[in-house]
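A.B. asks: Given the coordinates of chain R, work out where chains S and H should sit on it, guided by the hints.
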Amino acid sequence: MSPWLPVLLPAVVSLVTFVAGEERGRLRVAVNFGGALISAVVVIRLAVDAYAGRVHTWEIETLPGLAVGLSSDLLGLLYATVATVLWGVTLVYAFGYMSHAEDRARFFGFFALCIASANGIALSNDLLTLFVFYEVLSLATYPLVVHSGTAKALAAGRRYLYYALGGGAALLVGLVWLHVLSGSLAFVPGGALASVADHVGELRAIFALLVIGFGVKAALVPLHGWLPGAMVAPAPVSALLHAVAVVKAGVFGIVRLVNEVYGPELARSIGVAQPLAILAAATILFGSIVALRQDDIKKRLAYSTVAQLSYITLGTALCSPLAAIGALAHLAHHAAMKITMFFTAGSLAETHHIKSVSRLDGIGRVMPLTMWSFAIASFGLAGLPPVAGFFSKFPLGVGAAQAGEIWAVILFVTSGALAVGYLAPILIRAARRGDADAFGDRSADEAHDAARRRPESDPRMLWPIVTVALLALAMGLLAGVPGSPLDWAARALAPSFVGWTP
Amino acid sequence: MSLALHLPALLVVVPLAAAAVAFVVGPRAASWIALVTGALTAALAAAMAWLAVTTGPVSYAIGGWGAPLGINLIADGTAAVFLVLVGVVGLAVTVFATGYFRPATADDPGPGHGMFWTLWLFMWASLNALFLTGDVFNVYVCLELVGLSAVALVTISEGAEPLRAGMRYMFASIFGAMTYLLGVALLYGAAGRLDMRQLAESLDHSVAAQTGLALMIAALLLKTALVPLHFWLPSAHAAAPAPVSAVLSALVVKGSFFVVLRLLLDVMPPGYLGDARVLLGVLGGAAIVWGSLQALFQQRLKLMVAYSTVAQVGYLFIIFPLAAAGGTVLPTALLGTLVHATSHGLAKAAMFLAAGMALKRYGHDRIADLAGAARRTPVLAATFALAGVTMMGLPPSGGFAAKWLLVGASLEAGQWWWALVVVVGGLLAAAYMFRVLAHFIADPGDRPGPVGNLKPLRTEWVPLGLAACASLLLFAVPLLTRLVESGTAMVGAGVIP
Amino acid sequence: MSPAIIYSIAGAALFAVGAYGLLVRQHLLHKVIASNFLGSGVFLVLIGLGRRSDGPSSDPVPQAMVLTGIVVTVALTALALALIKRYYSATGLTTMEPPEPEEGAR
Chain R
11 MSPWLPVLLP AVVSLVTFVA GEERGRLRVA VNFGGALISA VVVIRLAVDA YAGRVHTWEI
71 ETLPGLAVGL SSDLLGLLYA TVATVLWGVT LVYAFGYMSH AEDRARFFGF FALCIASANG
131 IALSNDLLTL FVFYEVLSLA TYPLVVHSGT AKALAAGRRY LYYALGGGAA LLVGLVWLHV
191 LSGSLAFVPG GALASVADHV GELRAIFALL VIGFGVKAAL VPLHGWLPGA MVAPAPVSAL
251 LHAVAVVKAG VFGIVRLVNE VYGPELARSI GVAQPLAILA AATILFGSIV ALRQDDIKKR
311 LAYSTVAQLS YITLGTALCS PLAAIGALAH LAHHAAMKIT MFFTAGSLAE THHIKSVSRL
371 DGIGRVMPLT MWSFAIASFG LAGLPPVAGF FSKFPLGVGA AQAGEIWAVI LFVTSGALAV
431 GYLAPILIRA ARRGDADAFG DRSADEAHDA ARRRPESDPR MLWPIVTVAL LALAMGLLAG
491 VPGSPLDWAA RALAPSFVGW TP
Chain S
3 MSLALHLPAL LVVVPLAAAA VAFVVGPRAA SWIALVTGAL TAALAAAMAW LAVTTGPVSY
63 AIGGWGAPLG INLIADGTAA VFLVLVGVVG LAVTVFATGY FRPATADDPG PGHGMFWTLW
123 LFMWASLNAL FLTGDVFNVY VCLELVGLSA VALVTISEGA EPLRAGMRYM FASIFGAMTY
183 LLGVALLYGA AGRLDMRQLA ESLDHSVAAQ TGLALMIAAL LLKTALVPLH FWLPSAHAAA
243 PAPVSAVLSA LVVKGSFFVV LRLLLDVMPP GYLGDARVLL GVLGGAAIVW GSLQALFQQR
303 LKLMVAYSTV AQVGYLFIIF PLAAAGGTVL PTALLGTLVH ATSHGLAKAA MFLAAGMALK
363 RYGHDRIADL AGAARRTPVL AATFALAGVT MMGLPPSGGF AAKWLLVGAS LEAGQWWWAL
423 VVVVGGLLAA AYMFRVLAHF IADPGDRPGP VGNLKPLRTE WVPLGLAACA SLLLFAVPLL
483 TRLVESGTAM VGAGVIP
Chain H
84 MSPAIIYSIA GAALFAVGAY GLLVRQHLLH KVIASNFLGS GVFLVLIGLG RRSDGPSSDP
144 VPQAMVLTGI VVTVALTALA LALIKRYYSA TGLTTMEPPE PEEGAR
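Chains as they are written, first to last, in this note's numbering: chain R, 11 to 512; chain S, 3 to 499; chain H, 84 to 189.
No lab work stands behind these hints: they were computed from the structure. Zero decoy hints are in this set.
One side only, chain H facing chain S, incomplete, derived with CB under 8 Å:
#1 Val-144
#2 Ala-158
#3 Leu-162
#4 Leu-166
#5 Arg-169
Take a look, some chain S residues computed to stay more than 10 Å from chain H by CB distance:
#6 Leu-298
#7 Arg-378
#8 Asp-448
#9 Arg-449
#10 Leu-474
None of these values were measured; they are calculated from a predicted model. Cβ coordinates follow ideal geometry from the N, Cα and C atoms, glycine included.
So here's chain R without its partners, still in its complex pose (with noise of 0.2 Å):
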């Protein structure tokens, strides 16, 4: 089974759905269920097999020494499998959220996309893979951003470009500065750069540039701007690629960058590890502090993503075992979260047109089903047990107390304090006694006829919620069983530390 598999078949997808046009609705529907379906079935085949050992690996050459190559290793497919299955589930609520809108045929097109880079930035095996498939992700983006084609979509796609293209300027050159240095950009585990290791000033500033690439994607302060502009895109979009899909591959370049470029020895030998787990806390505490005061719920969402992202960056600058580990669950575990929440925000928005923190009340007991999901993943997200979010808090935390970095322990008591500060007064809102008819728009008749009749969302998009609410509640339950994100997690990330085993 190619490990091109994952990339190719969302691509072909796209390709149908781009050339099928506009006004093929069912076509487009078969095609991209169909594509959703087989890629998960690969993907999850794919694992099997790495969990059994057998890694797939397909290169071919282009720049002289250089090749683009895909391996299906474990640490990969953690990623790919979480955006290629959560892509599934995402579609679902994305028919129901968008059966009224323009331009379907564009916005599924790139939406396809999006996830055939995302799962080649996850199977890349060597880092002008990883950027080539970044560099699409960016470009993918931006037609989702500006979707609705409004001022303020072109304005904030403009201010995404911005980052994006500087950010990717800023990859190119440490690529190839890189490359020029060491002549390899392959992926080891535990790092590939010890015959060069005596450049250190080199490889610093090489490290530095590579960073600022990652790091917009993985909005790490002051890279961040882009994000929660980026929320004026339709609720699928911000639910599945602002809280999952590019996010991550922020994330998850960092991820490959010190576990299997640099490899976390050299990493804080060098001294780079210390400056980026001290920015990553920042952002932590950034994020979470500034998510304390926005109204719009996905604007808060939006600062809570940027708080919860790095957390990865942190667990993995931490260069222990245990929280790179807990860093990597969390690339999961926040995933599932983190899109439940904005699918309620997206079904909020679409059924009752609730945008903001303060009309919640009451809402409740109109969506019971939708609003208890969203619990279950705050709940996770502030990190108790035994929704998903414990388990990869818990060894980020163990391991950054065995590395002896106590300040980050007290980081993370913090922020998850701060984490339930900013999603208590949506639970608190919704579970009050409101006036249960006087939602949405008040003036219009309409819309307020349609939440009578319709109290719940469509249940294109409700049982999706309900999906990964659960979702999220089995990665925590299931933590200690072969194939859960935290077991993933441990056996992918054991080889990067020697000496180490789970």
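C.D. replies: This is chains S and H only, laid out in the frame that chain R set:
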């Protein structure tokens, strides 16, 4: 004697003969002749490339008369890259032109359009000859032939503006050609040779030889439209009919650049005219910045694309200050330059053809009024977007591969500032490309929709195909690498200290 | 001073005159004539160089070049005149840009 041995001659003779035939028959038959000839010539170019890879550089003495009295054609890997580029772009433009020059309505008969096929085949023959020639005087003749047909092609549109732009182009072209010839005269006086290979062996450091070569290169820069000698390009490329613009921007400027490359890398030893090489790089950098800034502020699509050419030409000259550095710098930079020339050729042709589509379908090419084009004419918008990927140098396009190689060569040579220029140029290109794309995606409001159409409509897929090729060219780099590594037919490089 | 040098200097002078005319003069016919000056200047330099070799017979290559050059120049001149004629009948102008008030180029 097998036919393969005559490939270089056939590459010139076939389109030339077809041009003559196309002149005699009517426009309808001429378009069919052009299609068949185009396919044949493209196939010949591919065969030439294959020959260059398998047997090494090919030298061909026209009529059996070798240098110094006769003229040699030389086909090595570098030439083959350009020949194939001309073949691919040429064929695509020919197919597109069958739709573009077909009278769409009774009131748009396009009077001069019947001449398009003859002139275009004539230019194709001249371009092939230019890329094949191994003789500095023959370069002059080819340049004039290309220039003559180009000027005529620019002016086949009706109206005063194409005529004005065509004449400006013509006078610039004449001045360039005559300056080039003056340089050839001085060089011949000093070296007594015209054949490039013989020149490479006998070049000395006399004032006459250096002045002659400097004049020749300056003239070629004018023809390549390197800043600040670009003044004639935007108006000419924007005023011409779209298929002509595509050929001019994608191929014709590459012709004169190719000669610069030959002269500086193959004929002259490294270090010859050392300071001038740095100057070329500086001008290239200036072109990138200046052209991009101009493109950013254009209101019309075709002018924007034309200024983009001014900018993209700059990248081709970064190689010259790097060439003297040792190690793998020169091969890397040369490959990067060739990849850039190829991908820019494909993408720029696609962009001009797309601009032609905009003109045909909306009746204008004002960028601001093309809002909603992504919804109304998705193929047009997709073409532009895909071509833009190459202009911006994002993977997996050829533009990306070129930037990677050029940045790598700069860093390896320790001249990081060229890398900076290349990267900044990519960002500027993104700025001017996304400005257009944002308009395409924007809500059209009450702006008028498409008014006309290409006939047959399927020709609108041609530019999209070209743009797609350009944006996937990274995967074709190994082919180009093999062509470059197949060696150069020139023996001069490094002979003279 | 050898004839070759004299020819070359005269050729260079002609070239300079032609360049001046092409760049400075506005009237299109002036530009065409100036282009021919350019050509003639270059041809003169080539002819002069042809006498470079000592001995009774001169070098044939420059003469071949001059002949070719003349052919090309004639073709170019014809094209230029045809374009100017079309341009004049389309616009009534004899300069590239509409003339300034004080210039009576027409």
